[in-house]
Each structure stands twice: as C-alpha cells, then as structure tokens.
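Q: The primary structure of each chain is shown beneath.
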Amino acid sequence: MEWHAPWDIRVTLDLFLGGLGIGLFLLSVLLTAYGKNRYRKLAAIGAYLAPVLVGVGVLFLLSELGRPERFLSTLYNFNIQSVTSWGGIFQVAFMVLSLIYAWLYFKNNTSGSFFRVVWGFGTIFAIFVGVYHGLLLASLGRPLWIGGMVTALFFVSSLLGGTALILLIKELGMSWGVSQKMAKEVASASDGKGFNFTVLFCILTTLQLILVLSWQVSLSRGGLETAATANNMMDQFGGLWIGFVLLAGLIIPILGSLYSLIKDRTSEMSKGMAVVLSSLVIVGGFTFKYIVIAAGQIKFPIPF
Amino acid sequence: MARYGMVIDLHKCVGCGACGITCKNENNVDRDIFWAHHLKDTTGVFPNVKYEFVPTLCNHCDDAACVKSCPTKAMHKDDKGLTLHDPKKCIGCKSCMQACPYEVISFNYNAPHAFWRDLASVIDKGTASGQETAQEVGAPIPYYNPDRAATYEGIRSKGIVEKCTLCDHRLAKGEQPYCVDSCPAGARTVGDFDDSASEVNKLIAQYCSRQLKPHAGTKPKVFYIRSF
Amino acid sequence: MKMTRRRFLQASAATGLLVAGTTGLPALKALAQDENTSTSVEGKWLSTLCQGCTTWCAIQAYVVDGRVIKVRGNPNSKAAHGKTCPRGHLAIQQLYDPDRVKVPMKRTNPKKGRTEDPQFVSITWEEAIDTITDKMMELRNNNEPEKYLLLRGRYSGMADIFYDATTKVFGSPNNISHSSICAEAEKFGPYYTEAYWDYRDYDLAETRYVLLWGADPVASNRQVPHVINVWGQVLDQATVVAIDPRLSASAAKAQEWMPVIPGEDGALAVAIAHVILAEGLWNKEFVGDFKEGVNLFKKGESISEESFEEKRTFGLVKWWNLELKDRTPEWASERVGVPAEQIIRVARGFAKAAPYAISWLSPGTAMQVRGGYSAMAAHALNALVGSVENVGGTLRGSSVPTGKLPSYEVYQDAVSKKGTKNKKIDQRGYKEFPALKSGKSGGGVLTNRVADGMLDKDPYEIKMAIAYWCNHPFSCTGAQRWEKALEQLPFLVHITTNPSEMAQYADIVLPAAMSVFEKWSFNKSKANKIAFASIQQRVVEPIWDVRIDEGEVSWLLAESLAKKGFPNLIEYFKNEFKDPETGKSPTTSMEFNMFALKYYTQGVWDPSKEKKGDTLNGWQDFVDKGVWNSIEPSYFKNWEDFGTETTKFEFYSETLKKALESHAEKHKTNVDDIMEATKYLARGELAFVPHYEEPFRWGEASEYPFIFFEHRSRLNREARSANTLWYQEFKDVDPGDEAWNDVAKINPIDGAKLSIQSGDKIRITSPTGSITCAVKLWEGVRPGTVAKCYGQGHWAYGKVASLDYGKRTPRGGNNNEILPADWERLSGSTARHGGVTRIKIEKV
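Protein chains in written order, with the numbering used here: chain Z, 24 to 327; chain V, 929 to 1156; chain G, 781 to 1624.
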C-alpha cells in the first residue's frame, strides 16, 4: 500500500510550460512595445511559441485529470471561490488571445487598433495566468505553499524562464515561421542601441534569488508544520535544490550576467555565455517548480 | 439550515477499528481507500508509554477547504451542513485532496474493486476467484450495499474522488451513520450543532472538546471529548 | 436461487457493456449507476452466531436478495448489548472469500510436503465420501478402528455427533479437540482452587478494581463486545491494571501498566498476596481472621496454623508458610522487572477495593511451561479479597438447558468396543503428561502432542484422520512437527473453507459450510452475567457445494458405511435424532442436521420446559429471536461448598494433591517425581499451593539474547481472517502493528544495538525454527523482549493471507514455527506464552 502524491509530474509540466509560455508572451509584448520593428523576429517567435507552450502544458494538465472530458465544465460549473476555476477561465482566455496575437504577427498585421486591443488584453491575461499558477498552490493551504510568496516566486520564475528562452532563441538564431522579409528587417534594424537582455536577465535572476531566500527563511520560521515540510523538502531534494535551483539556476547566471555587464554595461553577454546561462536558468526553473510542487504534497501525520 | 457533525468520546473508544471497517462495508469502499480511518501514536519511553488512537473521518467543515478549491462545485455543502461530493460534476483534478487538511478525500486511480474482477483461482476448478464469487452472488461486490446508491454513486468510478458523506443516505431515512451504529463502545454521537438541545451540543458543553487542526481554519465539525 | 442471480448478473453485465461502449467507462460503474436509479431493496436481519473467537456472540446478518450485506450484534442478546466487535464484520469477507474451496477435491500427487503441489482435482461428494468410508471400512475389517483419528477444530454445540458419537460408534478412542492449543491451563487456576474448570464471568458493572493478567479483554477473548461497551464506565469507576509484557490494547487504556518480564507473572501474583497478608488487607468476611485479632503475617516468619480461623477458604497459613512469607515486593521486583512501589500500590489498591475487585486470569499468565501455579496464584487473589462469586467480582455462569448427546453405547459393536478401549494418540495421562482436567489423570486433551504420537507411533500408528475447521500445521507451536506428521499420514480428510496449510497434506478436501452464515447449529456461552444459547443459522444459500461439517458430514459417512455393511451409526442417527416436533426420523443429511439441532435446543425453545431465563414460543421463535438468555446467577452460590475436596476455596489445594497423588500412584511413583517429569521445580508440599516457579525458556541467553512472546489480534478470527482485505487493511489497529504487514515489535534500544530500523526485514531464529518478518521499533515492549502478533505468516490459505500462494511465500512469518512445542503438562495445555523461547535476530 503506497501513498502517492495526488499530482504527478504532469501538473509540474503544466505550470512550467505554462510559465514559459506566458513569460515568452510577456517578452514578446515588451519587445513589441520597445521596438516593434527592431525586435520583430523575436517578438514573432515569442508570439508563436507562447500558445504552443501553454497549450502543451494544458494538455498535460488535462491528462492528469481523472475526467478530462469534463474539463469545460469548469466554465459552466464555475466556483467563484476556487482559484482552479478562475485558472480555467484565464487559461482559456489567454489561449484565445495569444492565438489571435500570434495570427496577427503571422499576418504581419501588428499596427491596427485590433492588434493593440489583443496586445493589451493578452498582457493582462498572461499576467493573470502567471499569477494563477502560484495562487493555485497558495489557495490549497498546504504548509509549503501557504503565505503568498509562492505566487511571486512562480510568477518571477515564469518571467525569468521566458526571458531565458527568448535569449536562447536569439542567440541560436532560431527563426521558425518568420518570413525572410521580416528577418531582413530585423537585421537592418539591429545596429543601433536597443533592448538590453542581459540587464533584464540579471535583474530577474537577482530578484528571484532574493525571493527564494526570503521564502526559505520565512518557511523556517513559519510554524511547526511549515518548518517540518520545509525540512522535509531539503531532506528529500536538498541536493537538487542547492545544485540546480540555487547554484546553476540563479547564482551562476547572476554572476555571469553581472560579469558581462561590468565588463561593458551596454553590450550583451557573449553568445556562448548567453546560451549556457539561459539553459541553466530554464533547467533551474523547472527543477524549482518540480520540487515545490512535489514537496508541497508530502503527507504529514496530523497532530493531535 | 442545520449543521450536522460528530462528537467522538475517546475515553469510550478502545481503538478497535470497527468504525473504519464498517464504513467500507456500508459505502462499498474499495481496497486501501478509507472514508473513516484513524491516527495512532505511541509516545514516551518504556515503561512510561502512552498509546493514543484517534478515529478520523471527513470533518464536514463549516468552512470547507475542499469546497472552496473545487473548480466545478462538485464538492459542496448541503442543507444539513454536510460536505458532499457530486460524482457527476467531479473532473478528478484532486484540488480538494490538496486542500483538505485532514487527508480524508481519496481518488479512484483505477476502476474500483479489481479484487472482485480477478479471474485467478489458487486451485484450478477447486477454489473460486474474485470474479466467479461476485458473479455467483450476482453483485459487483458480493456484499454490495444497494442503499448507498440512494444519494451517491453506489461504487464511485475511476477518475473521480470520493469521501465520507456522514451516511447522508442513512440520515435521510432517520438512521444514524453506520459507523455510529456499529461502534461497540458507543463512542460516536451525531447531531445538529445548530440545535441547542442536541446530544452533540450537550456533550461539547459537558466536556472540553478538541478538533483536529483547528488552526487550518476550516471549522471542522468532528469534536473529540475526553482522552483515549 | 442461483438462476435468478445469474440472470440478474447477465442483465447487469449487458447494460454495463452498452454503457461502457458509449462512454468508455468500465462496466462496474455502469452497474453502480444503474443502482443509483433503483430504489433500495428491503433486506432482513436474520439471527446467527459469530465464531470469530470463543466469545461466541449472538449476532444478526442483514440479508438482501440472498446476499449477506452487514452484520450487527443481536439486539436480543443481553450478553453483548446488541454489539459486535470488529471480528463480526470480517466474517462477511470470510463468507465471500474468493479463495474458498467450492467443491470436494482429491489429491493426485501422492507425495506430501510443503513444497509439493497436491495437484487437487475436483470430485463429487459421492466419490469423496465413498473414498473416505472405503478407508474407514478397511480399518474396521482389519479390526483396528482405533487408527482412525478425528481432529476437531472450531466446533458448535452439535459437535458431539461427529466428535464423540461418530468416532466412538465407528470404534476409535481418538476424538481430539483443539481446546488445549490456546486454553485449558487458564482453567487449571480456578479448578485447583475452587473446583471450577471453566472460564469465569465478571461483574464489571459493580467492580472497582481490575487486575488483567495478560488479559486484553477490549481486544480479544473473551466477552469482547460486552467489555468494549462497558469499558468507558469501568475506567470511570474502577482502577484497571494491565499486567502484560506488551502495551496491549487494554494496557493502552488502563490506569496502570505493569510490563512484566514474560513468564514472571507468578512472582508478581505471590508478591501481591504477600503484601495483602503482611499489611492485613485480606477480606475477613471471606477468608477469616487471626483468633487473637492481631496480624501475625510478618515477612520471613512462619506462623502456626492454629492461630488463624478460616471461613470460606482452606490452607491460608500453609500457603504463607510454604510460599508467601518470603515473597516480598522487593524480591518480586527483581524478577518481574517492575518497581516494588508499583507492586505495593497495586496490591493495596486491589485489596482496598475488596470485594469489588477482579483478578482476571488469561491464557497469557497460564499457558507457560510452569504456568499452572501462576494461574492458581493469580486466581487465588480473588479469594484473598473475597471477590469470588461476590458483587463486583468473579462469577460462574448460569446453566443453559440444552440437551446432551443421546447414548450410543448400544450401537457399538464388538469391534468398536474393543477399539475405543485403546489409549488416545495424544498420550494424555502418560507420566509426563498428567493433563489433570477436572482432577482426573489424563482427563484433558493434549492437542499438540498428537503430532508426536503420530510421528512416534506411540501408542500406535494412525492410518487415517478427518480434521475439521482446524489448521494444526499453522496453529500449533512446533508447527513443523505437524507438517512431518501429516506428510507420513497415509490418509487425511480435511473439512475446510479455505485451502489452508493443513489442506496441503489432505488426500480429500471437503468444502465446509462457513459457520457464521451457512451452518445450522447452535452454541452457548456467557458474558455480562448472562449465559445464553444462540442459533447459528444458514442465512443465505451457499454459492458453493458445501456441507455442514458436524451434522451433514456425519450423516453422509454413516449412510455410506451402512451401504458397506456397517449400519450401526445410521441407525443411531435415525433412532435417536427424531424431530422433536413431529417425531419423524431423518431421511437426508440436512433433515438429520435440523432434527438434531432442534433436539439439542429443545430445552430453550420449548415453552413447556422449565428453565431459568427467557421464555420462547417454540422453535421458530428461537430461530427468529436467535438467542435465549438466562437469568443472572446469584452471588455466593457456592460459598457453602465450592466442590473442592475441602468444600472451601483452597489456598492449599487438597484437590490438586489428590489429583497429583493419584496420577503418581498410576505411574507407581511419587509427586516429586511427577513434578520433575512435568518440568516443575517444586518439591514436597509446595506442589499443592500456588507458588512462584522460575520460567522455563528454550535456548541459552548467550546464543539467543532476546525473549520472544506472542499475543493476539483484535481482528483474528482464530487466524482465519488473515485472508480478508479488511483484516490486512486494518491490521494496524493492534497497537504497534502495521497494515498489510507482520511486524516483530522491538524496543528502540535493541533496534539501535542491532542497527535495525522499522521496516527492515529480519530473520528470527529460535532453537527450533526460523521465520522472517518486518521490524517495528516500538516503545510498547521492554528492551530484551520481542513481541509479535499471532495470525499472519500463512504460506497457504489464500491469495491475501500469503504473499504468493503458489510459491508458498508467507506474508511475514508464523510464530508457531519458532515457538517450540512444549506444554503446561499438568493441564495438557500448549505452552505458547510466558516467553517460552529465546531468539536471535539477524537482518536480512
């Protein structure tokens, strides 16, 4: 008779891929705002990948459900108190908006007022979805997830993941689905001063490190149950946590990007460094979400 | 609106497990799923040792976390204040299991009661098998209780959760929950906490009572009086 | 009946498939949904009797559409308050056990052994009975009917038909009951003090102090539902002291736990007696007083017998002089392992509660190699406080007016008369096996000696055996001897519900009606001051081809024997068991069973018969109500004459002296020699008073550092419930135990020494055997001792009980494979308690 956690890795995959998706979307939105033409190629790739990642995540989530065929009932049996219910709405809404947003990019129709409406609402729902991920966990009241910090952690992790992914795409020069014409435009516009990915990268990793450390400290002072859960998390996943989440996923990327900025604060990281650090951040982000979700479900004896 | 709940007298309880066993009997609960179960703890050092046994079940919380977390209102409160589950609405997301502070909601990972569909017999043609026994008796489980199906799926299907209903089907007929009836110690009392004259209110007025994890804030309605 | 069921199933299956086809859901769910819409089916509560333990509670089964759905205590039963303990419910899963033997089977592999597949094939009842009576007739024709053996297991009030009459009319003396593998030594205590060879009842409603000598009454034998029901109240009004090497279920609830070192109970009992006497706390009304009114009981000092005038007792001063004077709490403390202060506190508390005080004896204290005198000592405490047959004390039961087996003597022919005169195979009455039941040398059964008798062919060879509802290769200590004995037994018939360990050695396996729900019979028992008779009823038609062991099988054998030229038995049955209502002679096995049942119970259901208890309006009323309750017994009933040699409650047992001397005389020797032969250390007069004996243990401490002791489970239906899911799922309701597992409970200090942790697998080895099981480090046992529950470790029986039935892999290990076969020889009882063996532990 073995106890198994109610949620297996498919929920992690949903929250991870969903996080990458909305991160990418928000980066695409940001780049669109920063310089529609200059970053057209990257913004477009972000726009295309966002619904794909969120969609794949949702598919994992559906397969985790006992009755996936009833998924849409979350819309008509909507429970106003349930973060999961809200999440359903947000995800559906975001999927629709991000698909339109991608379609408009594909059609190169990014200057009309319709685009701006989609751009605006897409941004709002991307944020909703990103916040929903952590809020869902926080709402369940389990000791590791309680207290609201998980919401911020998951959201920043998602933004960071999106940033790292776009950096990776940029450095590896990926250009799926982007027309030659668009690619040329991008090339011609890329000379002058532009958006500094390294700064964003450095800020987000630093922010996440601060959040993670404050979270861990607050856990250790969060009462018996919370502290016990946190200790259990470190007992079970301590190596992974320190190695992948903290060192590889945050500290090394911070040091790397900082080094690059100190050397020349206007230029970007070298290609090699960007590829390596972005990959580390993505792996670290996945590990982070995996551990928090797995360890949060650990069953403890009920005190009496 | 009533607020049904339970008082368990731990002084009377001897920790025999009849509540948990008969619950499975009444509600056609599958192997290794427990609607009613127990916590147990041995503390101290020999020879100064204390053993405690605390029977558990759904607390039918006034402020039920499972109800709040359920995305489809499958988990809901009824007019007796019971926390009930609608198997037709359940999407099997298990949010309720995560939200419940008491681990009393279970998920049907597989088609239930595989034991009674098993074809293996230890002596070919000499001993029976699970399926053969169920077939001969003519029920999905030989001791299948049809009464359960009056208010819930008689056997809950794969892919949804299930939990204690405080035997709402028996309460509806004016009967006590089966665990109450079958407790040989008479340690369990069920009643309406909104009724000031109810036995449960008298008991918690007479003794100081405890709840499990009151700090979880769900306002549980299973009260424990005296000590094991 | 079967047709209807099958049709119902076919219909449901069809609907199931249909729904499954459209939604992809399993058929089972469809069925459940079907039932959702149907209104609930009205069922009926039918009375029957639970035989999960020997409380033998009157219960009722809820039957819906020919199926048993639920069980409850019979509300008409005053003995159990209409309650049942968890065991009653497990019976349902026993009834519908998928591993039940459904048809008679015969063995086709002549080789017998644990690893031999018997290669059973199904046969008809006719062929099975025919084969059995062929063998029986062969014995009769060879003029050796004594080589037939009947092994009785869990039996009913009608057992004598099979056990006594069938065996004796056939011509064998060898009807051997299972009784002494888990009882009997306990009865030695009250018999050799107050001439009562039975379990006592207890006046719990009035008591103020309860000493539990290894008894765990909220969990196991006897009167479990009654005790559970009143225990809260008992704890409110009385002090409960649990004397048990393990933190038992009752110890967990008790105000005091005295974790005695296994086997040292006797030291504690005599020390409590010492304190009561030395402090002048005995009950003067029952025991009497010093003529001068001054307490002369002083530590270490002998006193004159004339100085004390006894009332209802005999031999108090002799007891003091011979044993008690030096048995101080400090002396006992060293042996028992509990502080002297606690012994004094308990002795004072117990005595001050007099006479509302119970010294509750159980097999734990008695069934030890040298446990006979501990049983006497523990029971004698009741006399010191005057609680024998007193308010709030120990009671005897009321009588239940059921019938006796009609005499069969005239149906025995020369062959059977000669055959039955032979000695019994259990060696009872041998010099080293006095088995002094009710004062008679060889009066009691030595169940577990049968294996040795068979192996040694002493007094002679056994050629065939019929065993019913017993499982000796599992349930007897030194279980491996039984495996050997059965391997070499030429012909074994086993009547059983499950393919048990014993069935693996059988030549013919007969499917038994499951006692609780498929058998027509009755039983009587007592609890809560009420003696009662309860019907055991076939509440549902059996789904398998079963017969009722005692009634039906006897008839079938008799019928077949008659065809082969021995009609005596069937004539006895036909002539002596006529329907009391119609006078009709039985013509079928079931008719015989029913007539016999009515015959036996006529005294309780026939309104025209005088009786002290309920009045029932005839047979059907008995079946419907299910139980007949006696009146409460009167207190002080035997105070004038206890039935002992001296008519008094004997502290110096003239009754035992007479029994021992007559046994010695039979073997032309003296009592000292008998003491030596029975492994007792007492010599001289000490043999006649309750006294301390150093526990006898197998194995040297140097090689086997731990003392092993076993205990009972509150879910054991005599080790038959281990094949039910609910048993395994809830095994953790036994304190310290784990669900789906078999754990040896070891103190964490020893765990650290052995570098083992909870969950580790270990091998436990005693001087006679070895098993493997899991570890549970637990504070509820003393360092240096290891406790393990009996009931798991089946290597056969079914798919749930064993880990792998086909490979003979047990779930855990059977205690009886490490417990050496030994006896409390004065009672004939198996000595399974008191740390009879030392063990060693290795991690595997």
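None of these hints come from the bench; they were simulated from the model. Mixed in with the good hints, there may be bad ones.
Straight-line distance between alpha carbons at most 16 Å, and here's what the computed EDC-like set of lysine to aspartate or glutamate pairs gives [as the list claims (entries may be wrong)]:
id, chain 1, residue 1, chain 2, residue 2
1, V, 1053, G, 897
2, G, 1220, G, 1445
3, G, 886, V, 1052
4, G, 1343, G, 910
5, V, 978, G, 1036
6, V, 1141, Z, 87
7, V, 1086, Z, 92
8, V, 968, G, 1065
9, Z, 322, V, 1031
10, V, 1053, G, 1086
11, G, 1091, G, 1065
12, G, 1098, G, 1114
13, V, 1141, V, 1046
14, V, 968, V, 980
15, G, 1389, G, 1404
16, V, 1017, Z, 258
17, V, 1101, G, 822
18, V, 968, G, 1518
19, V, 1016, Z, 258
20, V, 1086, Z, 248
21, V, 1147, V, 1122
As the structure is a computational prediction, the values presented were derived from the model and not from experiment.
Q: Taking the hints in turn, state whether each one holds.
A: Verification of the hints:
For the hint linking residue 1053 of chain V to residue 897 of chain G, the alpha-carbon distance of about 15 Å falls within 16 Å, and the restraint holds. Proximity of residue 1220 of chain G to residue 1445 of chain G is assessed by CA-CA distance (about 12 Å); at most 16 Å being required, the pair is judged to hold. Taken as a hint, the residue 886 of chain G and residue 1052 of chain V pair is honoured in the structure, with Cα atoms around 12 Å apart against an allowance of 16 Å. For a cut-off of 16 Å, the pair hint linking residue 1343 of chain G to residue 910 of chain G stands: about 10 Å separates their Cα positions.
Straight-line distance between C-alpha atoms of residue 978 of chain V and residue 1036 of chain G comes to about 11 Å, which keeps the hinted pair within the 16 Å bound. The suggested pairing of residue 1141 of chain V with residue 87 of chain Z is violated, with an alpha-carbon distance near 29 Å, which exceeds 16 Å. Between the alpha carbons of residue 1086 of chain V and residue 92 of chain Z the distance comes to roughly 13 Å, so the proposed pair stays at or under 16 Å and holds. Our distance criterion of 16 Å between C-alpha atoms is broken by residue 968 of chain V and residue 1065 of chain G, whose separation comes to about 46 Å.
Only pairs whose Cα atoms come within 16 Å are accepted, and residue 322 of chain Z paired with residue 1031 of chain V is accepted, the gap being roughly 8 Å. For the hint linking residue 1053 of chain V to residue 1086 of chain G, the alpha-carbon distance of about 76 Å lies beyond 16 Å, and the restraint is violated. Between residue 1091 of chain G and residue 1065 of chain G the CA atoms are separated by roughly 7 Å; this keeps the pair inside 16 Å, and the hint holds. At most 16 Å may separate the alpha-carbon atoms for a hinted pair to count; residue 1098 of chain G and residue 1114 of chain G exceed this at roughly 25 Å.
Of the supplied pair hints, the one linking residue 1141 of chain V and residue 1046 of chain V is violated, its CA atoms being roughly 40 Å apart against a limit of 16 Å. Under the criterion of a C-alpha separation no larger than 16 Å, the hint pairing residue 968 of chain V with residue 980 of chain V is consistent with the structure, at around 6 Å. A threshold of 16 Å between alpha carbons decides the hint, and for residue 1389 of chain G with residue 1404 of chain G the separation of about 19 Å lies outside it, so the pair is violated. Taking the CA atoms of residue 1017 of chain V and residue 258 of chain Z, the gap is about 38 Å. The hint is violated against a cut of 16 Å.
Of the pairs offered as hints, the one joining residue 1101 of chain V and residue 822 of chain G holds, with about 13 Å between alpha carbons and a cut-off of 16 Å not exceeded. This hinted pair checks out: residue 968 of chain V and residue 1518 of chain G have alpha carbons roughly 11 Å apart, not beyond 16 Å. Using a Cα cut-off of 16 Å, the hinted pair residue 1016 of chain V and residue 258 of chain Z is violated, with the two alpha carbons roughly 40 Å apart. For the hint pairing residue 1086 of chain V with residue 248 of chain Z, the CA-to-CA distance comes to about 32 Å; that exceeds 16 Å, so the pair is violated.
At most 16 Å may separate the alpha-carbon atoms for a hinted pair to count; residue 1147 of chain V and residue 1122 of chain V meet this at roughly 14 Å.
The earlier numbered hints that this structure contradicts are 6, 8, 10, 12, 13, 15, 16, 19, 20.
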